[in-house]
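Student: Read top to bottom, the protein sequences are chains A and B.
Basically my numbering = 1-based index in the first sequence + 257.
Basically my numbering = 1-based index in the second sequence + 230.
These aren't lab readings, by the way, just hints derived from the structure by calculation.
This one's a predicted model, so the numbers in the text were calculated from it and none came from an experiment.
Hints are not guaranteed to be accurate.
[Said to hold, decoys possible] Every beta carbon over 12 Å from chain A, so not counted as near; a handful from chain B, in silico: (1) F254; (2) L260; (3) H273; (4) T274; (5) E333; (6) G358; (7) S511; (8) R609.
[As the list claims (entries may be wrong)] What follows is a set of in silico ranges between Cβ atoms, one per label pair, in the way DEER data are often shown: (9) E585(B) <-> H753(A): 48 to 58 Å; (10) R810(A) <-> R474(B): 23 to 33 Å; (11) E585(B) <-> P656(A): 52 to 62 Å; (12) K831(A) <-> L466(B): 52 to 62 Å; (13) Y697(A) <-> G456(B): 50 to 60 Å; (14) G621(B) <-> Y570(A): 18 to 28 Å; (15) L787(A) <-> R613(B): 46 to 56 Å.
Glycine included, every Cβ here is placed at the ideal spot set by N, Cα and C.
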Amino acid sequence: MASIDQSKIRNFCIVAHIDHGKSTLADRIIEKTGLLTSREMQAQVLDNMELERERGITIKAQTVRIIYNGRDGSEYIFNLIDTPGHVDFNYEVSRALAACDGAILVVDAAQGIEAQTLANVYLALDHDLDVFPVINKIDLPSADPERVKNEIEDVIGIEAQDAPLISAKNGIGIDEVLEAIVEKIPAPGGSPDNPLQALIFDSVYDSYKGVIVFCRIMEGRVAKGTQIKMMATGATAEVVEVGYFGPGQFIPCDELSAGMVGYLTASIKNVKDTAVGDTVTDLNRPCAAPLPGYKKVNSMVYCGMYPADGAKYPDLRDALEKLKLNDASLNYEPETSVALGFGFRCGFLGLLHLEIIQERLEREYNLDLVTTAPGVIYRVHKTDGEMLELTNPSNLPDPASIAYMEEPIVSAEIMVTTEFIGPIMQLCQERRGRYISTEYIEAARALLKYELPLNEIIYDFFDALKSRSRGYASFDYEMKGYEQASLVKLDILINHEEVDALSFIVHADNAYERGRKMCEKLKDEIPRHLFEIPIQAAVGGKIIARETVKAMRKDVLAKCYGGDITRKKKLLEKQKEGKKRMRQIGSVEIPQSAFMSVLKLDDK
Amino acid sequence: MINNGRCAISENMKELSIYIHIPFCIRKCLYCDFLSFPTGGGHTDAMREYADCLCREIRCSAPFFNKYQVLSIFLGGGTPTLLPPGTIASLLAVLRESFHIAEDAEITVEMNPETAAPDKLREYITAGINRLSIGLQSTDDAELERIGRIHDYRTFLRAYELAREAGFRNINVDLMAALPGQDTASYRRTLERVAALAPEHISAYSLMLEEGTPLYEQRERFAFPGEDEDREMYALTKAFLQSRGYRRYEISNYAHPGYECRHNQVYWQRGNYVGFGLGASSMTDNVRWRVPATPEAYRRYVDSLPEPPASSQPPEPLELPEAPESAEASPSQGTFPLSDAGAAEALQPHVLTAEEQMEEYMFLGLRLMRGVDVPAFGRQFGRSVEQVYGGVIDTLCTQGLLERAQDRLRLTDRGIDISNYVMAQFLLA
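All chains, please: the whole structure from these sequences, using the hints.
Tutor: Right, here's the structure in full:
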């Protein structure tokens, strides 16, 4: 293994906008190089979580090593690193890119460049990757490869005239892509004789082997028995196994050396110790400096997660622990809500990440969850000079002790066809966006730049964007920083009792509107009781909106025909069953669904 | 011992009620979700075949009920009076041949006004039917039309007159409140007109919009009385009928003293009853079952029943779902002959657990205005009501939904308004 010719290695990734065919192309490359027959391939080998296949997105980076016999008669080793395809995972993407030497840019022959395409290409270029484009879906009737080529050259500024024209779906042009990988992507540098310097770009937890660290060896070599040290976290361990990535399996080998992509295991118990972006070095012969670009990943979005059935709290805790083993970006800590009992305040990279975790808890761990409205981290500056980061609205200190508050702001890029510029700008305006610029990419398309408060985009912004552009707008953002804002805590009182799980932070200008919508929504969700129930929205003790759930007046089953008692009993059981899924707040029973439905306050 | 048909009644026999389902109507009413097929009028082969099936079902099932005497029979539907002349008389003849029927048994037939005819009514009287239940619903013709009834008030008046002339001394009139386009004034008129006729019994239900019915599907097109008006009508029913000498004995049923419907009360008191015909429900000795509800499955079920012993010999009692004397019914005892052939859409015999029996005791018993008998609960289940439901009862009493009256527990007026809510509290699961 040590004799692998470094000049015959190609480490690359594929970047694309979602749906432009990234995973399909990856599959074709794997299939063409003979690792799997098409029959063996489940559609899209690299997306192997059930959820990933369903949503058609890549959540965890996946990596596969392929042997390619080039037209020049040499045997090449391709390491294809598939990157996550969503803005929530931008940091993971950046580390995966840093493990590569080049990238294939896949652009849809009909749709052309999208906001995400740009974001990912710039990210690749930032990492000094050699990028070459391929035009996919050329067999579509609406394909216009010439236009797209020009667009790539104009907008991104990379040569595109000889871009392979392919259809990944139908296997057209794949040979050309393979040859282009050999020609256009540089061989890795580095020397096996230097001290070990390896980039961690992902890790997974395996119950037998412990953490499996995915790494790119930049310098030096690593083998079984090497004493290693993670330079950022300081964790040390002895390597138990090294190897490379077969499709869907780990294949052990003797040694990984400079230029190679592979994995190592070292009986590490927790992915916290193997943070993405960290540098692995030899404990006894360390490299001079860690690789650049390491960042501690911070949660951007928080929400409360509670088991629908309070008795399942230990199950939820166990499930979160297990997920955390594999997902260093998931944070959680226990919290208690008057309304919902025992649960956890969980932090996520973004809303997609939140949804994924929620779905995995529900599906893989069979938990029924109640989730509170997702929020961002606010900075609360108190009059005494103290600053606290607020993740749970209920913990907001007494307003009298608050000097000012700050909220996170993102820089957003929205790619949109010109006919929808108006509606999209209006949407951004409604969401308190600050207009930065409009760049015309071509006659019919523009890139809008806005700065937007994160809390305005974490839930239904993407849906609103899609609906106001008939699906044509695409969107990408990155954290910009914190800005002072006029923020208030909106409280919901049900039958005069504050329901902590329904409180959220909102901009003062929107408080009235949001409060009114919340009350309307809750009025529909809360069943009638024996008594009248006022539902109120309040800011700082002042009621700003009110609805009333009228008292139950009539609930009689009239006929009970021919002695069909079973039917009557079923009806009563349904009533009783409904009651079980309720949360008791004072004397009012609130259905679990009420806590969720308020997340979906309609945009229009 | 009284000789009744070929069966003898002995004193220690158990009590039984019989329900017979006739699933035919001229036309379906727009609110109806009962099991019934529209015939468009006239007598069809389907009716004759169905009557044959019923007769066989009754004859073949009877040996299982040899230890029971029948205190009430109810022919319901659909519109039983739509059957060809002579059919009901022959059904009753088969019943008398097969069952021990008490001499003073209450025997009711349901009639829709448009099917009334003098000879038909005389046939019923001759056959021993002593109670007639007429589906009027409203005396306002526009209201009747909106809910798809095919009779008008005049037709009802004529039918009522014919029934009295034929000799019916116990008549029920069915009414409905909260109909589309109805208001309190028109409802009051209906109550006044009906009370003036002085039927012995009045049933007054609020219209229920059942999913799947045309009225439900087209509910947007109708102006239903608002909630306040609905409640006004509801209160009016009780106040008005009481002022005319009717006593409410069940949530929706009013009667002159002594004319309470015996059959109806059996359901609420958890007496034994057996249902014959498509989709009919039964409960005897804490076993519930239901025969198939589609014509094909029903026919297969009836065909699968074993022939009864030859009629010259007194039938030996067959293996019954052995009466659980106490609440401890054993699940192995559900032996009523529901064979595989008839299993589709049927409810296989289900032996009620002690919990289910207690639940039923409460939520069924509370439909009766006199309420549930507290000491009897203790005797029947070996645990007192307080032991099982103490907390629930206290809460409901505090909420003013339930009240204690000597040895009984009953719904208050407010409790009646939201009786489903109250009853659901008595489910134990």
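Student: Given the range 46 to 56 Å, decide if the beta-carbon distance of L787(A) to R613(B) lies inside it.
Tutor: 28 Å, violated
Student: Please verify that the nearest CB of chain A lies beyond 12 Å from R609(B)'s CB.
Tutor: 22 Å, holds
Student: So is H273(B) really clear of chain A, every C-beta pair being over 12 Å apart?
Tutor: Non-interface label on H273(B) holds, nearest chain A Cβ at 23 Å vs cutoff 12 Å.
Student: Is the claim that S511(B) lies outside the interface with chain A correct, judged by CB distances over 12 Å?
Tutor: 5 Å, violated
Student: Confirm or reject the claim that K831(A) and L466(B) have a C-beta distance inside 52 to 62 Å.
Tutor: Cβ of K831(A) to Cβ of L466(B): about 30 Å, so the range 52 to 62 Å is violated.
Student: With d taken as the least Cβ-Cβ distance between F254(B) and chain A, does d exceed 12 Å?
Tutor: 15 Å, holds
Student: Does the beta carbon distance between R810(A) and R474(B) stay inside 23 to 33 Å, or does it fall outside?
Tutor: 26 Å, holds
Student: Non-interface claim for L260(B): all C-beta distances to chain A beyond 12 Å?
Tutor: 15 Å, holds
Student: Taking 50 to 60 Å as the stated bounds, is the beta-carbon spacing between Y697(A) and G456(B) within them?
Tutor: With Cβ atoms ~58 Å apart, the hint holds.
Student: Is T274(B) truly not at the interface, in the sense that its beta carbon sits beyond 12 Å from all beta carbons of chain A?
Tutor: 22 Å, holds
Student: Checking a non-interface call: every C-beta of chain A should be farther than 12 Å from the C-beta of G358(B). Is that right?
Tutor: 21 Å, holds
Student: Do the Cβ positions of E585(B) and H753(A) conform to the proposed distance bound of 48 to 58 Å?
Tutor: 38 Å, violated
When held up to the earlier numbered hints, the structure conflicts with 7, 9, 12, 15 and fits the remainder.
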